[in-house]
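Visitor: Sequences listed follow chains A and B, in order. All letters in the first sequence, in the order written, are residues 610 to 994 by the working numbering. All letters in the second sequence, in the order written, are residues 610 to 994 by the working numbering.
These aren't lab readings, by the way, just hints derived from the structure by calculation. Do not take every clue at face value.
One copy or two, it doesn't matter: identical chains are merged, so the pair holds either way.
Taking lysine to aspartate or glutamate and the DMTMM-like style, the derived pairs with C-alpha atoms no more than 25 Å apart in a straight line are [stated by the list, open to error]:
1) Lys-738 to Glu-629
2) Lys-738 to Asp-873
3) Lys-738 to Asp-902
Number of protein chains: 2
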Amino acid sequence: MDERVREHAEVLVDWSARVEPGDDVVVSVAEDAHELGVAVVEALGERGATVTTLYGSDELSRAYLKGAEAGADGDGADGDGDAVPDFDDDPAVDRAIFEAADAYLRIGGGRNTTATADVASETRQAYAKARTGVREARMDTDWVSTVHPTRSLAQQAGMAYEEYRDFVYDAVLRDWEALAAEMARMKGVLDAGEEVRLVTERDGAPDTDVTMSIAGRTAVNSAASVAYDSHNLPSGEVFTAPFDTAGEAFFDVPMTIDATRVRDVHLVFEGGEVVDFAAETGEDALAGVLDTDPGARRLGELGIGMNRGIDRFTDSILFDEKMGDTVHMAVGRAYGACLPEGESGNDSAVHVDMITDVSERSRMEVDGEVVQRNGTFRWEEGFEG
Amino acid sequence: MDERVREHAEVLVDWSARVEPGDDVVVSVAEDAHELGVAVVEALGERGATVTTLYGSDELSRAYLKGAEAGADGDGADGDGDAVPDFDDDPAVDRAIFEAADAYLRIGGGRNTTATADVASETRQAYAKARTGVREARMDTDWVSTVHPTRSLAQQAGMAYEEYRDFVYDAVLRDWEALAAEMARMKGVLDAGEEVRLVTERDGAPDTDVTMSIAGRTAVNSAASVAYDSHNLPSGEVFTAPFDTAGEAFFDVPMTIDATRVRDVHLVFEGGEVVDFAAETGEDALAGVLDTDPGARRLGELGIGMNRGIDRFTDSILFDEKMGDTVHMAVGRAYGACLPEGESGNDSAVHVDMITDVSERSRMEVDGEVVQRNGTFRWEEGFEG
Numbered sequence: 610m611d612e613r614v615r616e617h618a619e620v621l622v623d624w625s626a627r628v629e630p631g632d633d634v635v636v637s638v639a640e641d642a643h644e645l646g647v648a649v650v651e652a653l654g655e656r657g658a659t660v661t662t663l664y665g666s667d668e669l670s671r672a673y674l675k676g677a678e679a680g681a682d683g684d685g686a687d688g689d690g691d692a693v694p695d696f697d698d699d700p701a702v703d704r705a706i707f708e709a710a711d712a713y714l715r716i717g718g719g720r721n722t723t724a725t726a727d728v729a730s731e732t733r734q735a736y737a738k739a740r741t742g743v744r745e746a747r748m749d750t751d752w753v754s755t756v757h758p759t760r761s762l763a764q765q766a767g768m769a770y771e772e773y774r775d776f777v778y779d780a781v782l783r784d785w786e787a788l789a790a791e792m793a794r795m796k797g798v799l800d801a802g803e804e805v806r807l808v809t810e811r812d813g814a815p816d817t818d819v820t821m822s823i824a825g826r827t828a829v830n831s832a833a834s835v836a837y838d839s840h841n842l843p844s845g846e847v848f849t850a851p852f853d854t855a856g857e858a859f860f861d862v863p864m865t866i867d868a869t870r871v872r873d874v875h876l877v878f879e880g881g882e883v884v885d886f887a888a889e890t891g892e893d894a895l896a897g898v899l900d901t902d903p904g905a906r907r908l909g910e911l912g913i914g915m916n917r918g919i920d921r922f923t924d925s926i927l928f929d930e931k932m933g934d935t936v937h938m939a940v941g942r943a944y945g946a947c948l949p950e951g952e953s954g955n956d957s958a959v960h961v962d963m964i965t966d967v968s969e970r971s972r973m974e975v976d977g978e979v980v981q982r983n984g985t986f987r988w989e990e991g992f993e994g
Numbered sequence: 610m611d612e613r614v615r616e617h618a619e620v621l622v623d624w625s626a627r628v629e630p631g632d633d634v635v636v637s638v639a640e641d642a643h644e645l646g647v648a649v650v651e652a653l654g655e656r657g658a659t660v661t662t663l664y665g666s667d668e669l670s671r672a673y674l675k676g677a678e679a680g681a682d683g684d685g686a687d688g689d690g691d692a693v694p695d696f697d698d699d700p701a702v703d704r705a706i707f708e709a710a711d712a713y714l715r716i717g718g719g720r721n722t723t724a725t726a727d728v729a730s731e732t733r734q735a736y737a738k739a740r741t742g743v744r745e746a747r748m749d750t751d752w753v754s755t756v757h758p759t760r761s762l763a764q765q766a767g768m769a770y771e772e773y774r775d776f777v778y779d780a781v782l783r784d785w786e787a788l789a790a791e792m793a794r795m796k797g798v799l800d801a802g803e804e805v806r807l808v809t810e811r812d813g814a815p816d817t818d819v820t821m822s823i824a825g826r827t828a829v830n831s832a833a834s835v836a837y838d839s840h841n842l843p844s845g846e847v848f849t850a851p852f853d854t855a856g857e858a859f860f861d862v863p864m865t866i867d868a869t870r871v872r873d874v875h876l877v878f879e880g881g882e883v884v885d886f887a888a889e890t891g892e893d894a895l896a897g898v899l900d901t902d903p904g905a906r907r908l909g910e911l912g913i914g915m916n917r918g919i920d921r922f923t924d925s926i927l928f929d930e931k932m933g934d935t936v937h938m939a940v941g942r943a944y945g946a947c948l949p950e951g952e953s954g955n956d957s958a959v960h961v962d963m964i965t966d967v968s969e970r971s972r973m974e975v976d977g978e979v980v981q982r983n984g985t986f987r988w989e990e991g992f993e994g
């Protein structure tokens, strides 16, 4: 076994999930994540945890949903004349699992990132709705989501398998203690600040010059640990929930929205809302997002990527938005942890992150003071003020 | 997908487990049993069941137990100075799973039948003991155990992979309704009978001539369905719990006891107990079984194999003991279902099946009347009386 697989397991169990002796831990292992699964349960055994292992197979999920669709077509179990299956909205076993669990470790890494592509969206939605209670019980555990590097994920990233493995371990095997301390500085700046301004002036791209209020909002130091209210490994971003956005923003990192590749998004904000937009490719998909509901035209998140172990974009939001020298904004839903007690923040059915490269000819100001210029923070060597 | 995989799934879900719409079904999928897992959850979706999928990986089990051993060695979670790990004897998640489940489908088929060979037997025993409550909750569900044909099982059987697949499907894809009806005849004979005598006279092998009482005992028609109190797929045997055995029995089918190959076992019974024994190879392993406890020297089971889809021995008791033209006897524990209400029957920590080929120069009598001669039952064509 590659020693890095063991190190990944140890980071997951100790730094991220903070597993203690006697904890009841549920581990979900995707089809091709067996190797990391072995290392994780070995570490859990050593820590004195009790383990239950689920098979997190997208191919089995697809088969179940397709079977349910076939059963709903008349002569099956359902037979209400409607082609959308009826799912049990109180699944007793899964609810019992997450109510009894202290921690939930999800190890992604399937054989095909599009394994469920032919399941009708009505079926997915009906299933997701029936699982609301299970999802809530799961979110009440110390949950952490990570991925084992697989050939299918390498392919999605457009990389060779060996190269992709290096990429993942560079992102995951950080000095998290040190990064958390650095991110705490960024959080301090945002928590104390009232207004953020982001400016980029790059050749051949529209300028970004956008301001937003963050007064009264609390930033999350997303340091890949439940101790930081952070549930992804890798992580490495600081984010907050802005409002009253004004100006223009250009996002030069490609993204995928509903299986459509979207490039070079340009948004114009007035009074907190998107009043004009464009995209070089995939503009219809972008329009679909913005038209979802009123909240989809307002920002729900401003995030600063600070994980310098991530050195390229791989078409995976788990990695892309954490990359050092990037800033992202999401239209749609805001995270509750960023909001003052009792305030609901921006609400929407969507949350779509858009990323901009800030490594050159850019600056971010908080209350008029430059915090990051050309990717360098003000506490770093080489900062030019 | 091989159409037989789908048929296997349908037999498992419909004939064996009798799944109904709304049932909560837990499916455990071994490492290389993915394909059958897909077919099973698709069938369950179609029937309107709710599904939870566990990852039944022997390699993960080994890793967990080895991790626990490492943790018990001093500085880990355990630290009681004892090298045997302490396991939680009330594992909350697993107990919750089986208490909430209606049915449990175990799909075996790993990558290595000896995957846990280097785990200390004290560790296994400690784990098994801690899981007593979970096991009991699991046995209270409509549970069924089957296997997907894998390369590892083909290797154990000494067969090519394609050949082994044919073997498994011939055993599993029976006309179970018809076989259950035929086995009901055998059960009727045993339930009405008081004494069984088995005689074999074969060249170059010691003769078998053994009698046992079955008075008051109830035979199980093991027709691979929870409706028949039968929990293995394939099955295809009728078995009861004999006592007062006398005479000699020779078992010409090889078996594996604790990883030792044992061949040509010869047992001599007096007053219900084994008073002398021999084996051509593996005699020490046989002695170890017989010396376990007093009940290990008495028979706990007499079984008649009636599945003619099984045409050879594959060193797997799931298949071997069900083979047509065989009879098996087990030393050790008797099954409760065979015993009169309130009677405990033969008790032991072991239950070891030994098989004899009855296809030629043999006869089985019940109360002096021949029921099977040279493998042919008295209700079959060609029976010679």
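Visitor: If a hint holds in the structure, say so; if it doesn't, say that too.
Guide: Hints versus structure:
1. Lys-738 to Glu-629: between (33 Å within a copy, 23 Å between copies)
2. Lys-738 to Asp-873: Answer is neither; intra-copy 33 Å and inter-copy 61 Å both fail.
3. Lys-738 to Asp-902: This pair counts as within: shortest intra-copy Cα distance 18 Å, inter-copy 56 Å.
Violated hint: 2 only; the structure is consistent with all others.
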